[in-house]
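> Residues per chain are reported as follows:
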Amino acid sequence: MDIILNQYYLQIAVFVLVNAILGVSIYMTLSTGQLSLGNAGFMSIGAYTCAILTVKAGFPVYLAIPIGGIAASFISVIIGFPALRLTGIYLAIATLGFGEVVRVIVLNLKVTNGALGISGIPTLGTKISKMMSSLGLPQSFGGLSAQQTSTLLVLLVLLLTLAFLVFFCTRLNRSRVGRAFAAIKADESAAEAMGINTTFYKLLAFALGALIAGIAGGLSAHLTFFIGPKDFAYHRTVEILLYAVLGGSDLVVGPIIGALLLTLLPELLRSASNYRLMIYGALLVTMMAFRPQGLISEETVRYWKGKLGRRRNQ
Amino acid sequence: MTLVLDQVSKSFGGLAALSNVSFKVNEGEIVGIIGPNGAGKTTLFNLITGIFPPTEGKITYQGKSLLGLRPYKVTELGLARTFQNIRLFGHLSPLDNVMVGAHCRTKSGVWKGLWRTPSQRKEEKATRERAQTLLKLVGIEEDTDSPASSLPYGQQRRLEIARALATEPKIILLDEPAAGMNESETEDLRLLIKKIQTMGNTVILIEHDMNLVMNVCDRLMVINFGQKIAEGTPTEIQQNPLVIEAYLGREEA
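Protein sequence lines, in the order shown, are assigned to chains A and B. The first sequence begins at 1 in the numbering used here and counts up by one. The second sequence begins at 1 in the numbering used here and counts up by one.
No lab work stands behind these hints: they were computed from the structure. Note that beta-carbon positions come from the ideal geometry of N, C-alpha and C, so glycine has one too. Hints should not be assumed to be uniformly reliable.
Estimated spans, in silico, between C-beta atoms of each pair [unchecked claim]:
no.	chain 1	residue 1	chain 2	residue 2	range
1	B	GLY68	A	SER119	46 to 56 Å
2	B	GLY68	A	PRO60	41 to 51 Å
3	B	LYS73	A	PHE290	43 to 53 Å
4	A	LEU155	B	GLY90	36 to 46 Å
5	A	PHE290	B	TYR153	25 to 35 Å
6	B	GLY90	A	PHE290	14 to 24 Å
7	B	MET199	A	LEU160	49 to 59 Å
Could you build the full structure based on these sequences and the hints that come with them?
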């Protein structure tokens, strides 16, 4: 038991899930065909808002995390109005700039502690085990240590969050709003000619993506005890985008698979850590050359559906 | 008179694509717009549907100015269009394409879609049924799950018409719907356009297929080099010397 549930593995599982949530956030903005590189910035807003609320104002975590998400989403609407007039690479550049602006602001504000960052953030694990004991529940089960139990419960919380987001996205896809998103992604001016207010729906997707990124930021702040401006820099944005590039952005599972692989890969390549970035780069160039739509596309699903369906019919 | 164009001009940079075109469309009629390639027919559609504004002139629909309205607002008012170069949502199914068209006549937002409230389910069901009816009307098998881009060319053209009809238009603007169709397909299209008229719609048709235009239209307008050169019934147009000149050239004396 201890071999499987050792703290190292559990920690990796936690990171996989947080990154998968970030994958869903980029999926959301990409679902109207907008290439936004601002998600690390929104994550940063969520994380800082949430951390400041819990550390300095004594808010409970379960309230602070949604507030962080809403704050990120609120900012996204403000910058979205001008930014969403841009398309393609210009939007990417503008949102990339936004991410840097957020980083520099965070670096210079007093309330965010500048380059020192915010430390002493109560972790989700300790909060959960405290709650358990206040409810009179034991802090550990079936031979597990207290730490293992609390980490497993954190995993459960993250898994539920991710499951809800996947549920949200699949429901959305098969609704009026989801069809509008898909239409805009396919052909923006044709969508507009068919009576869709493209500005509104692009802004909606942008704000929903920021909301999810903000929530992921809040969660990650309460997983690591410490956040600093460096956590949400340019490389983070690229990482989030890569989940969608590797996994594919047609379906919500794409970026989730991408997040899983790209979080596990560095751990597996730890022995070859000097070459890690080279392998990373080679992998992405290969993807772009041979499978630009990502690992999982709509065709993949159709193909397997057809295959499995045929087998069942025989 | 439902749609009125008054002295409409459009120039792109120094190039006049349309100059001083005035035109009226009556309710329930099928009006054809014909003219050689590059005469400015599609530009006229783009002006009416708000893709870009006219340089000069007025466009009113039921007494209300369409100038400055964004395309989706024009569609909401009841003017829907198809495109000359097919612009379907390629990777969506034919049914979904038509259901997108119903967007501006339905209401459910994110919240209702997430929880599938009774009103949302009712609306979805009604939208789906209406979309299926429209697919049947234009003659597309709706059971297909394959993307719209994999349909045969003629069906893609008709799917565009179904999608435009889903917006519940009063006026439908068809931009070369018969392009690339064979004779029997064109005949089906003629029947479809007639049927759309009997459903209570006004139809404005840009078309090069003279056989179709002469058979289906109540009235024609001819444009050449951005200017209206003639207007009248199909028989009048066929005998108009200016039109014959525009199409066939001047006879050497």
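> Decide, hint by hint, whether the structure agrees.
Cross-check of the supplied hints:
no.: 1; hint: B:GLY68 with A:SER119: 46 to 56 Å; verdict: holds (55 Å)
no.: 2; hint: B:GLY68 with A:PRO60: 41 to 51 Å; verdict: holds (50 Å)
no.: 3; hint: B:LYS73 with A:PHE290: 43 to 53 Å; verdict: holds (44 Å)
no.: 4; hint: A:LEU155 with B:GLY90: 36 to 46 Å; verdict: holds (40 Å)
no.: 5; hint: A:PHE290 with B:TYR153: 25 to 35 Å; verdict: holds (31 Å)
no.: 6; hint: B:GLY90 with A:PHE290: 14 to 24 Å; verdict: holds (22 Å)
no.: 7; hint: B:MET199 with A:LEU160: 49 to 59 Å; verdict: holds (50 Å)
Violated hints are absent here; each numbered hint is respected by the structure.
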